[in-house]
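Asker: Sequence:
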Amino acid sequence: MSARSRSRARLTQTLKLLPGGAGVGVAVVQRVRHEQHPLHLPGERKGRRGRWSPAERGTARGPARHLLPQEALDVLLAVAQVSPSVHRRIGDQQQAPWAAHPCPCSQPGPARPFLPRREAAGWGRAAAVPAARPGPAMLDFAIFAVTFLLILVGAVLYLYPASRQASGIPGLAPTDDKDGNLPDIIASRSLHEFLLNLHEKYGPLVSFWFGRRLVVSLGSIDLLKQHVNPNRSSDPFEMMLKSFLRYQSSLNGDTGESHLRRKLYESGVTKSLQSNLALIQKLSEELLAKWLSLPEAQHVPLCQHMLGFAMKSVTQTAMGSSFEDDQEVIRFRRHHDAIWSEIGKGFLDGSLDKNATRKKLYEDALKEMESTLRRVIKERRGRSFNRHVFIDTLLQGNLSDQQILEDAMIFSLAGCIITANLCTWAVYFLTTSEDVQQNLCKEVDQVLGKGPITHEKIEQLRYCRQVLCETVRTAKLTPIAAQLQELEGRVDQHTIPKETLVLYALGVMLQDSSSWPSPYKFDPERFNEDSAMKNLSLLGFSGSQECPELRFAYMVATVLLSVLVRKLYLHPVKGQVMETKYELVTSPKEEAWITVSKRS
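Going by full-length UniProt numbering, 235 is the number at position 235 of the sequence shown; the sequence numbering is gapless.
Misleading hints may appear alongside valid ones.
Beta-carbon label-pair distances, calculated as ranges [claimed, not checked]:
no.: 1; residue 1: S544; residue 2: H455; range: 13 to 23 Å
no.: 2; residue 1: G543; residue 2: L487; range: 24 to 34 Å
no.: 3; residue 1: K359; residue 2: P183; range: 17 to 27 Å
no.: 4; residue 1: L361; residue 2: E525; range: 41 to 51 Å
no.: 5; residue 1: Q460; residue 2: R246; range: 35 to 45 Å
no.: 6; residue 1: E459; residue 2: E266; range: 15 to 25 Å
Mimicking DSBU-like on lysine-lysine, the simulated pairs with C-alpha atoms at most 30 Å apart in a straight line are [said to hold, decoys possible]:
no.: 7; residue 1: K225; residue 2: K263
no.: 8; residue 1: K534; residue 2: K225
no.: 9; residue 1: K242; residue 2: K360
no.: 10; residue 1: K574; residue 2: K521
no.: 11; residue 1: K271; residue 2: K378
no.: 12; residue 1: K242; residue 2: K345
no.: 13; residue 1: K498; residue 2: K201
no.: 14; residue 1: K534; residue 2: K442
Quick caveat, the hints were computed from the structure, so don't treat them as lab data. Backbone N, C-alpha and C fix where the C-beta goes; we use that ideal spot for every residue, glycine too.
Whole structure, please, built from the sequences with the hints as guidance.
Answerer: See below:
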């Protein structure tokens, strides 16, 4: 065995005597060795088990690389070569091969300066003057110093791994060892508001820690353009919702199968809209009749009415005529509200798992909703109905019962909440702008006249679409989206490690003054320009990138607004201050009130 190998073997034995054994000392040296040292301890080899995880590799490029410099490793090797204390501390555990030859440094004599040896190839020329051997007191102090250094480095690397910054991306260090920056998110009231403050402070590319997991957030459209291309196309909103419901994401499993399933889902939404346009118009006219029956001064609870309208639209187009019964809709709404309230908040702040009562209510509501969907699937399987609904398309595909259940659940939950809030915000913003309301009414009269609403005529309602696009932008309808970094990538000269969670801070991008002039003004005219529509499409709110649930919501909202503005003036309630609640979908924090009056 070479002198170098014997030195490393002795070092290994020494480290095993440290507090925590090899679990602290050896692991630290191994970790530094993999980054900086060209050699390996005896008996080791490079391999999968010796490599760092992607997250560790990404986070090790910061200051932690220099916590144990090469000089410290030299000292460890020299101590293992010359110290008689090592012989004594190993004791009976193993007879050292050099024990029969007393070390000269143990003999009485004057203490000499201690110089670490550098014998490995590539470390430069050896010192011209041979290293002197230290006395016992000096060696004991060196052992103590190195032991303390190892313990300190081990504590930093293993107790506080999140304190290392990944890939040089600016952002926050964790405020809590276990929860990362979760306390900061909760203090900010929402993830959107947390990201808004973070991007204002650090710029368009930031990082933070969710527990011990690195998260990177993109806050500008330019950065989003850089990131989208190398990643597989998927629906970020659907991915997040499936994660909350603990359903299998489309990112898992066979890529081809996931693509076919996605196409079947989109086809189901398209066919349900084509088959149920008359139903949506009928439900819109029922709401109109209800509002016409109200006294002009009476306040209308906009959120409540829009959620009820959306529930009827989604359940009847997704599951069929059994939801024409108001009691079925009320029961469905109760379970939907219980599930969505926890998805919006309970999972994010971790409070759901800490409250057994709330968790049971959530799980019971989820079971009841799944039971309802299973019943509908069983009723419609292999049968023919006058009106085609969303579940019928899923049944025609090559899906398992569980896959049909999951897709029906996603559409029911997301379809209801997105449609309800798009309609709520659209009507509310119309009450704040008489000019926009008048322009919309003029277009509806010109395109529709007194005839029925058809798909061909809806395509001609361009100003109405601009109103809805501006509603999405101004309300920041879905302020957050997420993607899992499938391959290591680069954004703005920074490396994003594989399997990093990447957030799209859509709420930040939708009110970025560099992309949207006068970003806080409700102005549908801005979408006369192609550049504005392209930006919205890139964010996933228009064109081929929009999610199927939003496409469904656009159609339902178009029909509703066309019915309402032909017969009604929409007015705001004076003195009302609208506060916003930012969750997966943005909604008014409290009930939004309006008044209506008949058009002459």
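Asker: Next, verify each hint and record whether it holds.
Answerer: Taking the hints in turn, this is what the structure says about them:
no. : hint                    : result
1   : S544 - H455: 13 to 23 Å : holds, 18 Å
2   : G543 - L487: 24 to 34 Å : holds, 26 Å
3   : K359 - P183: 17 to 27 Å : holds, 21 Å
4   : L361 - E525: 41 to 51 Å : holds, 46 Å
5   : Q460 - R246: 35 to 45 Å : holds, 43 Å
6   : E459 - E266: 15 to 25 Å : holds, 18 Å
7   : K225 - K263             : holds, 24 Å
8   : K534 - K225             : holds, 12 Å
9   : K242 - K360             : holds, 19 Å
10  : K574 - K521             : holds, 19 Å
11  : K271 - K378             : holds, 20 Å
12  : K242 - K345             : holds, 15 Å
13  : K498 - K201             : holds, 26 Å
14  : K534 - K442             : holds, 26 Å
Comparing the model with each earlier hint shows no violations; every hint is respected.
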